[in-house]
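*Asks:* Per the working numbering, residue 143 is the first one in the sequence shown, and the count goes up by one each step.
If you are wondering where the hints come from, they were derived from the structure by calculation, not from laboratory data.
Among the clues, some could well be false.
Taking lysine-lysine pairs in the DSSO-like style, the calculated list, with each CA pair at most 30 Å apart, reads [stated by the list, open to error]:
#	residue 1	residue 2
1	Lys229	Lys281
2	Lys281	Lys242
3	Lys229	Lys242
Remember, predicted model here, so these are calculated numbers, not experimental data.
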Amino acid sequence: MGKPKVGRKLEAVVEYQAKLATPFAVLGICIEEDWLTDIEYLPLDTPTLAPQTSLAREVSDQLQAYLAEPDFIFDLSLHIGGTIHQKRVWRAIQDIPSGKTRSYADIATQLHSAPRAVGQACGANRLPIVIPCHRVIAKSGGLGGFMNASDGIPLGIKRWLLHHERG
143 MGKPKVGRKL EAVVEYQAKL ATPFAVLGIC IEEDWLTDIE YLPLDTPTLA
193 PQTSLAREVS DQLQAYLAEP DFIFDLSLHI GGTIHQKRVW RAIQDIPSGK
243 TRSYADIATQ LHSAPRAVGQ ACGANRLPIV IPCHRVIAKS GGLGGFMNAS
293 DGIPLGIKRW LLHHERG
C-alpha cells in the first residue's frame with residue numbers, strides 16, 4: 143500500500159490506494175473494501191502512486207477516460223456518506239451534464255433548500271469530479287466557491303475542469 147499521508151479533509155492520516163497526476167492536481171484515491179470513498183486534490187508535486195487494488199485501477203482508468211473525454215460517464219461503486227440533504231444535493235449535481243452548469247440557487251429551488259446549504263453540501267463532497275460540484279456556479283454566472291474556498295488554487299481547479307468540459 144501507499145505511504146500514509148496527511149489528508150486535507152480532517153487532517154487525519156489517509157492511506158491512498160492510488161495517486162494520479164493530472165494537469166491541475168494529483169488525485170489521491172481512497173478505497174474501502176469495494177467502494178470508492180474519497181478523491182482528494184493533492185499538490186502537483188505529490189509523488190504519484192500506481193493503483194494498489196483492482197478498484198483503484200478502475201477508478202484511475204475512469205478518471206483518465208474523463209480527462210481524455212469530458213463527456214465520459216463514471217460507473218463506479220461509491221460510498222457516499224453525508225446527511226440526507228447532502229445526498230439530495232449530490233444526486234441533483236450528478237444530473238448536470240458535462241459542459242453545462244447550474245447555479246446554487248437553481249439547485250436550492252429544485253430541492254426546496256437554500257443556496258448556502260447547497261454550497262455547504264458541495265464543500266462536503268468527498269468524491270469531486272465523479273460528483274461534479276465544479277458544475278455548480280453563482281447565480282451571477284461567476285464561479286462561486288469550490289472546496290470550501292472562494293479564491294486561490296481551488297478556484298483554479300474549478301476553472302480548469304469547467305474549461306475542459308466546455309472544450
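*Asks:* Would you mind confirming whether the straight-line C-alpha gap from Lys281 to Lys242 stays at or under 30 Å?
*Replies:* holds (14 Å)
*Asks:* For the pair supplied as a hint, Lys229 and Lys242, confirm whether the alpha-carbon distance does not exceed 30 Å.
*Replies:* The given pair, whose Cα atoms are some 21 Å apart, holds under the 30 Å limit.
*Asks:* Taking 30 Å as the top limit, are the C-alpha atoms of Lys229 and Lys281 close enough?
*Replies:* Holds, at roughly 22 Å.
Of the numbered hints given earlier, the model fails none.
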